[in-house]
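Each chain is listed here by its residues.
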Amino acid sequence: MWGSRRRRIVAGLTGCALLLAPLAWMWQASLVPRSYSVAEMGTPDLGGGAAHAHPDHRVAVPDLTEPGDGTPDVRVRLIARSDTIRLDSGQEMHGLTLNGTSPGPVIRAEVGQLVEVELFNESVTDGTTLHWHGVEVPNAMDGVAGVTQDAVPVGSTFTYRFRPPRAGTYWYHSHQVSHEQVPRGLIGALVVEPRGGLDSETTDLVALVHSYGGTRTVNGATGEIPVDATPGDRVRVRVINTGNGPISAWVSGTPFRLAAIDASDVHRPETVTDRHVQVTAGGRADLELVVPASGARVELSGPSLVLGPDSPAERRPEARLDPLTYGEPAPLGFDPERPDRRFDYAIGRRPAFVRGRPGLWWSINGHLYPDVPMFMVAEKDVVRVSITSRSDVHPMHLHGHRMVVLSRDGQPATGSPWWVDSLNVAPGETYEVAFVADNPGAWMFHCHHLGHAAEGLVAHLMYHGVAVPYRIGDGNVPE
Amino acid sequence: MRSAYRVLAYVIAAEVVVQAAALAWMFSGLGRWIQDGGVLDKATMEEEGGPLPFPELVGIIVHGINGQVLIPLLGVILLIVSFFARVPRGVVIAASLLGLIVLQVILGMTARGGVPISSMVHGANALLIFAVALLAANRARSEATEPRPSASADVGV
Ligand SMILES: [Cu+2]
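Which chain is which? The protein sequence lines are A and B, in order.
Position 160 of the first sequence, counting from 1, maps to 160 under the UniProt record's numbering, and the rest follow consecutively.
Position 71 of the second sequence, counting from 1, maps to 71 under the UniProt record's numbering, and the rest follow consecutively.
The shape of chain A in the complex, shown without the other chains (with noise of 0.2 angstroms):
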């Protein structure tokens, strides 16, 4: 009897045993120090380059700011707040402004410009940080908490200080628990101008498009959208999606032109009907049109402009215009056919622990956060990136510089080069991208599903000789 109740427990127990260690080690193994620098995160990746370029050559984070200590061109305070949100619908919610209102004042500036923004945070209580989405700023300027600075507590002041040294649509938002402050409204456009301001033929319009709790807005204002155009103006509308999912926009009434995607104008880019682009999260597109007598509508899947007199809206164009094959060749001023490095981005999706918590996590070249890749530069590499998702969309964005788009799934780009600093990967594609490393520092490369990048989709694009004096944890939370 005893020999029989002593084997079943020792059976039981031999059980219980298989089944949890494996559990309890995978538990163990995924729990993250309180604190971490983001240059002893993950696996150094070298794609094929050398290992130290420059090993005596040793430069901070902090001290890659805009060089000289002139006067600012263009000066904007900014104060942040916790606040209440009220959009024209009656609807009302808990949100972030800046400077009282969300989105935040549009900042407008011209190429070489200084710029300079004091961000100062009133009662943002887990601190905040701006984030210059798209624009090539020295790294210090970049606004990622833990990786370029720290957090901005409540009562203190953050000045970035940069030159925008291309023209077209940006955008800014909080890179402190983003994946909460940017949906509650830390957000807001920057248009770069070209030297001398813009040609004053266009009507030059930013059509900042924002969920507020389900609720779609364009420069936080919903529905039908009246704007202040005539028949036979030409209108420029900057549309930013600053969403965690792909937006569709059209053109209702007349045709339409794709101008520019992210901030790079499409090399002669023809003129399209019948066809809706899609918005990435994160990215941006320039539609550009002459409004007709009979009127035009911009449709932005939910809320439109209205521009000239009212016209019918039309249902979204099935076809979607493609980048791959859009507009015409040009030089790139670089051979992405000679890469220095080589790097593999693919996403992944596995029941697993990360941090401590089960679930159904991001995989990066079939790892899980942290032990995500560093892709190691140096200064002007020749960069080749292959990004494949096996599961869901996401909106890849690499920080500080841009990339151009080689081909999608084996298909050659045989379009305008197609540059893109936000780029929609659907499941089941791969994108071979290049890049020029011209921007030295520690560079955040992530989903900008900000959701995503909360569960771990994030690696980062690291310099060689560049230190990190930042740390992630004690409160810098970038995603």
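None of these hints come from the bench; they were simulated from the model.
Don't be surprised by glycine CBs; every beta carbon is placed ideally from N, CA and C.
Some hints here could point you the wrong way.
Claimed, not checked - Derived CB-CB ranges, DEER-like:
| id | chain 1 | residue 1 | chain 2 | residue 2 | range |
| --- | --- | --- | --- | --- | --- |
| 1 | B | A21 | A | T84 | 30 to 36 angstroms |
| 2 | A | A426 | B | F27 | 22 to 28 angstroms |
| 3 | A | R58 | B | G99 | 53 to 59 angstroms |
Got chain A sorted already, so can you dock chain B with the ligand onto it with the hints?
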């Protein structure tokens, strides 16, 4: 231990009911929200971090937490309990139930990744989990009323 086995099996069966109800509730809320002018696309589906567009969306959150955390956990505990509960074929049934639950999580995951057939099987597999959970509970109950020769050795178990 046998009654623990029985209760756990019933709880898993009840959880399947909760899962179905939560999803149905969410869909009716979604329908009303769309009628009121809400737009559902990828960007809306991926919204996080702000207030919910409609209150019934809680249904999908409940479905996710229940399905990905709570029910698998109950399945693991049931399997552990089965080692000690002396329910005839109790270990096999608990292990199969856990297998079906794992399959269910994978199906839910691939369905969400854009494979509609997975959703179909996910719905059918839910009924299978429900049935096996009830079978497990039933086994533990009928055994409790049947005297067994070794029952005297089970004092305290
Ligand atoms: Cu993602």
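To see whether the hints hold, each was checked on the structure:
no.: 1; hint: A21(B) to T84(A): 30 to 36 angstroms; in the structure: holds (34 angstroms)
no.: 2; hint: A426(A) to F27(B): 22 to 28 angstroms; in the structure: holds (25 angstroms)
no.: 3; hint: R58(A) to G99(B): 53 to 59 angstroms; in the structure: holds (54 angstroms)
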